[in-house]
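Number of protein chains: 2
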Amino acid sequence: MRKVAESTVRRLSLYLRFLEEFEGQGVGTVSSGALASRGGTTSAQVRKDLSFFGSFGKRGLGYPVPELADRLREILGLKRRYRVGMIGAGKIGSALVQYRGFKQRGFDIVAIFDSDPAKIGRQWNGLTVLDIASLEKELAHRPLDMAVLVVPAEVAQAVTDRLVALRIKAILNFAPVQLSVPDDVVVKTVNLALELETLSYALASR
Amino acid sequence: MRKVAESTVRRLSLYLRFLEEFEGQGVGTVSSGALASRGGTTSAQVRKDLSFFGSFGKRGLGYPVPELADRLREILGLKRRYRVGMIGAGKIGSALVQYRGFKQRGFDIVAIFDSDPAKIGRQWNGLTVLDIASLEKELAHRPLDMAVLVVPAEVAQAVTDRLVALRIKAILNFAPVQLSVPDDVVVKTVNLALELETLSYALASR
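These protein sequence lines are chains A and B, in that order. -18 is the number of the first residue of the first sequence in the numbering used here; add one for each residue after it. -18 is the number of the first residue of the second sequence in the numbering used here; add one for each residue after it.
With a Cα cut of at most 25 Å, we get these calculated PhoX-like pairs of lysine-lysine: (1) LYS29(B) <-> LYS60(B); (2) LYS84(B) <-> LYS72(A); (3) LYS29(B) <-> LYS169(A).
Source of the hints: derived by calculation from the structure; they are not laboratory data. Model, not experiment: these values are computed from the prediction.
Hey, can you work out the whole structure from these sequences and the hints?
This is the structure we're talking about:
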């Protein structure tokens, strides 16, 4: 499969959401224009994005909703469930564990780790917070597909190195640092202050 | 000022973080190579990003750290503080209110609103959760610069329309919907499930 830009992947995720709404409403076919207007983009962009992955739909008839949704789920790797570990049981971790959007998309949080004795052993959404010291032992027999990293910046790289050694290939990082990982590990960093800075930039540059 | 891509703005934010670390260590000048290696990019990219905003530094001498940091703060609109309202007092809202990264960057959460009677009147980080019904009354005499929207998808557009009517020009949206706003309002949507989907895509497309 050709490498596509992250912005394309994000649009595919959005299209899938709209298609699923259409599915729920019993809509059989949808035009590129309808997908575009919901995604804040153009028909040409929709057609271009989808053309990366083969041909869908027939000219003038629109895209068949269930088939296209299914194909997008396949492209996005959403035809399976993922075992996700939450590394860090702070405020953000707590909110994420209870975030329904993850489970709805197939991301099951199956383990939570922290280093704080006050948190270890607590029950969180049916899971017991485990000691990060036992990370290797706990995951030896139940590997994770992904980790969500919500630890302080100063320990993020050390924890990442341990996750990499455990052969975890995908990390969603909330620590405000750039992580070094081998080429076969994918890291996506979410920096919430930085999101606000894109807004302050927009306000300042008027 | 010319319009620059969001990816450029994000890199500028990262450069600023590194420059502030260098400042803290008393480093006087920094090369584009040093900034690049910290930001996971190239020297050429650093020079190109900075050239958008005028000329910095002298060839062969590197960039003067305090001056460049100050200029980036100016470009990013970070030489002032922002009054930010949290709209929605759920789990994510709770985590964000306590998130120190916001205050450190000049984003002060000054008001929290919710519609749930069980939450209204509670104390959160020194703030009282206010009734969303009184949004207009509460903000009439103390306007907000920005709003963080953490409400259910089905009410997000209606709340946005009220924020727009209150002349709030910047919204950080956590609701999984595409918001319609006038051209002079900037919206940045953060979709955490979608972040995981960029990872599942990366795993699936190997």
